[in-house]
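Kindly produce the complete structure, drawing on both the sequences and the hints.
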Amino acid sequence: MLRGFAALVVGASLWSGVRALARDFDRAFHVGGKSVFPESMVRQLDAIRARVPPGGTVLLLSASSTDGAWWARAFQRALYPRNVVVVRYEPLPKAQLARLGREWRFGWGLLLAPEPSLLALTDREDLGTLPALPDRVWLGNLTP
Amino acid sequence: MTFRWTDLLVTAALAVGFAAVGEAILRRRSRDLVSGNESFLVGMAACGAGLLPLSLLFPRAALRVELLVMALCLLLALWRRARGSPSPPAPRLPAGARDFVWLVLTTAVILVAADFTAVNLRYAFLWDGFQIWASKTQLLYYRGALDRLWYPGDTYELRYVPYPPLVSLYEALLQVVRGQFDFDSFKPVFLPFYYSLLVATYGAARAVLSARLAAAATLMLALLPLASTGTAAGAYADMPQAAFVAGVVAAALRRTDSHGGLPWLIGGLTVVKPEGTIIAVVACVAVAYAWSIEKRTVRRLPWSRVAIVAVFLALRLAYVRWASVSDSVYVLTRESLMVAAGRIPHVARLCLVKMLSPRRWGLLWPAFLLSALVLGRRGSAAETSLAVATATAAALFAVIFLFTTWPVELHIDQAYPRLLAQISPAAVVATFSGWQCARQADIEVP
Numbered sequence: 001m002l003r004g005f006a007a008l009v010v011g012a013s014l015w016s017g018v019r020a021l022a023r024d025f026d027r028a029f030h031v032g033g034k035s036v037f038p039e040s041m042v043r044q045l046d047a048i049r050a051r052v053p054p055g056g057t058v059l060l061l062s063a064s065s066t067d068g069a070w071w072a073r074a075f076q077r078a079l080y081p082r083n084v085v086v087v088r089y090e091p092l093p094k095a096q097l098a099r100l101g102r103e104w105r106f107g108w109g110l111l112l113a114p115e116p117s118l119l120a121l122t123d124r125e126d127l128g129t130l131p132a133l134p135d136r137v138w139l140g141n142l143t144p
Numbered sequence: 001m002t003f004r005w006t007d008l009l010v011t012a013a014l015a016v017g018f019a020a021v022g023e024a025i026l027r028r029r030s031r032d033l034v035s036g037n038e039s040f041l042v043g044m045a046a047c048g049a050g051l052l053p054l055s056l057l058f059p060r061a062a063l064r065v066e067l068l069v070m071a072l073c074l075l076l077a078l079w080r081r082a083r084g085s086p087s088p089p090a091p092r093l094p095a096g097a098r099d100f101v102w103l104v105l106t107t108a109v110i111l112v113a114a115d116f117t118a119v120n121l122r123y124a125f126l127w128d129g130f131q132i133w134a135s136k137t138q139l140l141y142y143r144g145a146l147d148r149l150w151y152p153g154d155t156y157e158l159r160y161v162p163y164p165p166l167v168s169l170y171e172a173l174l175q176v177v178r179g180q181f182d183f184d185s186f187k188p189v190f191l192p193f194y195y196s197l198l199v200a201t202y203g204a205a206r207a208v209l210s211a212r213l214a215a216a217a218t219l220m221l222a223l224l225p226l227a228s229t230g231t232a233a234g235a236y237a238d239m240p241q242a243a244f245v246a247g248v249v250a251a252a253l254r255r256t257d258s259h260g261g262l263p264w265l266i267g268g269l270t271v272v273k274p275e276g277t278i279i280a281v282v283a284c285v286a287v288a289y290a291w292s293i294e295k296r297t298v299r300r301l302p303w304s305r306v307a308i309v310a311v312f313l314a315l316r317l318a319y320v321r322w323a324s325v326s327d328s329v330y331v332l333t334r335e336s337l338m339v340a341a342g343r344i345p346h347v348a349r350l351c352l353v354k355m356l357s358p359r360r361w362g363l364l365w366p367a368f369l370l371s372a373l374v375l376g377r378r379g380s381a382a383e384t385s386l387a388v389a390t391a392t393a394a395a396l397f398a399v400i401f402l403f404t405t406w407p408v409e410l411h412i413d414q415a416y417p418r419l420l421a422q423i424s425p426a427a428v429v430a431t432f433s434g435w436q437c438a439r440q441a442d443i444e445v446p
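Protein chains in written order, with my numbering: chain A, 1 to 144; chain B, 1 to 446.
Errors might be hidden in some of the hints.
Said to hold, decoys possible - Pair ranges (Cβ atoms, derived):
| hint | chain 1 | residue 1 | chain 2 | residue 2 | range |
| --- | --- | --- | --- | --- | --- |
| 1 | B | Ile293 | A | Leu14 | 33 to 41 Å |
| 2 | B | Leu68 | A | Gly4 | 52 to 60 Å |
| 3 | A | Pro93 | B | Ala288 | 53 to 61 Å |
Simulated from the structure, these hints should not be mistaken for laboratory data.
All C-beta atoms in this analysis are idealised placements derived from N, C-alpha and C, irrespective of residue type, glycine included.
Following this line, the structure appears as structure tokens:
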């Protein structure tokens with residue numbers, strides 16, 4: 001009985017392990033990207049750097065605090081320490097937006113959303129889509 | 001990931017540097033893979049704990065001071081070897097190396113390790129790996145030392161500031177040596193942790209089991225999905241924490257030359273992840289229990305070693321106090337205690353379901369529980385302590401969800417399996433130990 005139980009435990013370990021290894025190998029080499037920043041995002045970052053000078057302060061507003069959080073923070077990390085990027089999510093009340101504006105004196109706004117109407121941006125630029133999301137990346141000037 | 005081959009070399013050189021720090025602390029030369037791994041873990045523990053004092057003394061240059069200390073220790077280790085100071089000879093081949101079954105099992109472990117190596121270097125970050133640990137690394141790199149700030153304007157994420165720094169320290173040192181910061185260059189750092197996990201698990205198992213069973217235990221650990229795939233390859237800190245747990249178990253069970261390293265390794269649990277402090281306290285109680293059973297006295301406790309663990313715990317508390325960030329995820333108030341009491345059956349059921357998931361664990365945890373019963377009746381003091389400590393840690397990890405402000409189901413789903421993965425080396429060794437105990441006593445499993 002003892003040997004039988006041991007064989008069962010080892011067999012279950014092999015089953016769960018080999019299955020996970022195979023699935024993970026497939027995901028790593030056929031699904032996963034080579035960089036934490038996909039090529040489309042690298043192009044978007046280049047466009048942001050071309051427009052926002054070093055030291056420029058950016059408000060990044062994401063339409064979603066769940067699906068958009070990864071990309072919002074990825075933009076923040078990618079631009080650090082060249083630019084201060086303050087991340088906020090919808091809904092962002094006008095009073096809070098005004099308070100943030102006074103505190104950080106944003107020159108630029110970066111919006112991750114399906115439509116550009118969430119943030120009043122001037123000279124707005126559509127930088128394209130985000131992977132696996134309906135959101136687009138909008139860059140523009142943010143005047144106080 | 002788009003790492004360069006030189007990143008692998010720098011990562012290996014840093015691992016040697018950590019091991020040199022460990023050798024300097026333990027005042028001995030590593031004589032085989034297991035003791036070399038112990039030196040590596042001890043060195044990392046010391047460097048991780050030392051980062052806070054160094055950050056206070058050298059607010060912009062703590063990382064560079066750490067590198068300097070590692071370089072000096074490396075020179076010391078080389079000088080000692082050049083002087084030919086005595087070192088016990090290492091066996092040419094591990095025991096069991098001529099056993100066909102051992103060779104098959106060890107080859108299987110190496111194949112799994114090769115798979116992890118390939119996947120780890122290919123994988124991009126998963127959530128925590130990027131949002132917490134790599135981000136902490138970025139701040140550490142650009143600020144040169146630990147800081148009380150997170151990214152400008154962040155409030156909720158401030159809770160990451162007091163997270164222990166070891167994984168980020170290793171990643172940041174790699175960036176300092178390579179001379180520029182690149183998120184895509186971090187992944188080689190997780191290879192030494194992974195190899196350390198396997199070596200320490202083998203060392204722990206070998207202390208109480210035959211070479212063949214020790215290899216089987218190591219293979220069983222390597223085949224755990226949470227040890228070798230997914231978040232482990234996605235740069236989470238749970239696998240590095242598991243490496244320290246394996247190191248502690250190995251040092252506790254290998255009695256001949258490892259007890260000098262044990263307090264450093266227990267302390268090292270506090271520098272990897274926040275919950276490592278819980279494991280460290282459980283480990284202290286387990287070691288003290290085994291000591292009191294074997295020596296039949298607590299008066300002869302090695303107080304100098306107790307002091308080492310106390311310093312680690314004090315530094316951890318100091319770091320949390322210094323960061324002065326209130327945790328909004330776990331709240332302990334009179335009201336939350338009332339809520340927690342009502343949640344007990346629900347949390348227990350959810351955690352048990354996670355623990356018994358065959359997809360994640362095979363039959364590890366049921367087998368562990370049966371083995372724990374056997375060890376309770378027939379095991380040595382150390383083996384019994386190991387089983388009780390592992391079960392206690394698993395239970396304490398469930399308790400913290402009683403106080404979460406997140407949706408309980410979501411939080412347990414995301415975190416409890418990873419917490420169990422941290423103590424899985426102890427569970428695997430206890431499982432095999434209990435099985436051997438049952439077989440030797442020729443009793444049926446209760």
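Assessment of proposed distance window 52 to 60 Å (beta carbons of Leu68 (chain B), Gly4 (chain A)) | At 58 Å between Cβs, range holds.
Honestly, do Pro93 (chain A) and Ala288 (chain B) meet the 53 to 61 Å range at C-beta?
-> Between Pro93 (chain A) and Ala288 (chain B), where Cβ atoms are some 55 Å apart, the hint holds.
Cβ separation of Ile293 (chain B) and Leu14 (chain A), checked against the hinted range 33 to 41 Å = 36 Å, holds
Hint violations for this structure: none, all hints satisfied.
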